[in-house]
Amino acid sequence: MRRSHKRALRSERTPERKMKRRYRFFQIGFFVLLLGYGGMAWFHYDYWVFRMLIAGNYIFTEDLDALYAQHILEENRRSFHRDFDRVMISVFTEAIREINADRFTYLYTPQSYVAVRVQEQARGRQATIEPLTDTTVYLWVPNISRWSRDFVLDQVEILAQYENIILDLRYNSGGMLRDFHRIADLFVPRGAVLGYEITRWSLFTRTITARGQRGEPALQYNHIIILQNHRTASAAEGLIQALTYHLPNVTTVGTRTFGKGVGQVTIPLTGGYAVRASVLLVTGPGGEDIHQVGIYPHIAGDAEMDWVQQALAMIYEQDR
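First residue of the sequence shown? That's 0 in numbering that gives the first Met the number 0, and the numbers climb one at a time after it.
What the hints contain is simulated information worked out from the structure, not anything from laboratory work.
Because the structure is a prediction, the values reported are computed rather than measured.
You can trust all of the hints, since none of them are fake.
What follows is a set of in silico ranges between Cβ atoms, one per label pair, in the way DEER data are often shown:
#	residue 1	residue 2	range
1	VAL278	GLY38	24 to 30 Å
2	MET18	ASP62	55 to 61 Å
3	SER111	TYR315	42 to 48 Å
Built from N, CA and C at the ideal position, the CB exists for glycine as well.
The whole structure should be built from the sequences, with the hints applied where relevant.
Below you can see the structure in the form of structure tokens.
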């Protein structure tokens, strides 16, 4: 009888114990959360004081209006408080550009952010393929984007039918590094180093290797002629570095490339804004740094000449 009575009492206490335990966990969680918010507030104390002082109390509002107008379009203006962070980002990135000539770190307004994405897509869709002779195909890649990448991947069967290729990267300002990697996968052996991405945190520094099909690459040519000029930049330069490093039959023709060996990350913000910043040093498969140096061609070309016909003539001469 005593045992059954104790069991009954324990069963009656069980829901109460569970409620007390849950309440205790809630108290601990709330305290930890409160402590975290307090720590964050203290950590950003200077910033919040400055923000309240300027956005809420600075007496010369005409000067504030002028400053805000320099960095935020009138149609995007909300208030001194709501736009303060965006102005601060714009002012800071502008100072970075002036000090380091880093033209790739800045604040996107909603209008410019949309325009850039629309332009990138439109230009990427202009990629073309054209047979020039029975043995040579011409491929123009206007930028390095998912649209130009998908075009190249979709044309692999056609491209593989030819013995030679003229790859036109003139005026290709680059784009996403991952898209250049997938294009390079078609030309170089699986596992080949495509380049290195170096960050401030060694944990995120990484070696990029080709992830193409096993065995031979999907595209193999007797001659690969790459056309380049002063507007060839960024991921397009990375593609040139990867192909020339791993393939002995690559010849570059044109002028020295732009020389952009840094990579950016673009993070969307509230209100349609976005911030872009240089966070990577990108080097070639041999560790070569082309930033503000560029890539010199094997054969320098005059900007006025017909480079495609010149490339065809080179292939003809090499095959004789």
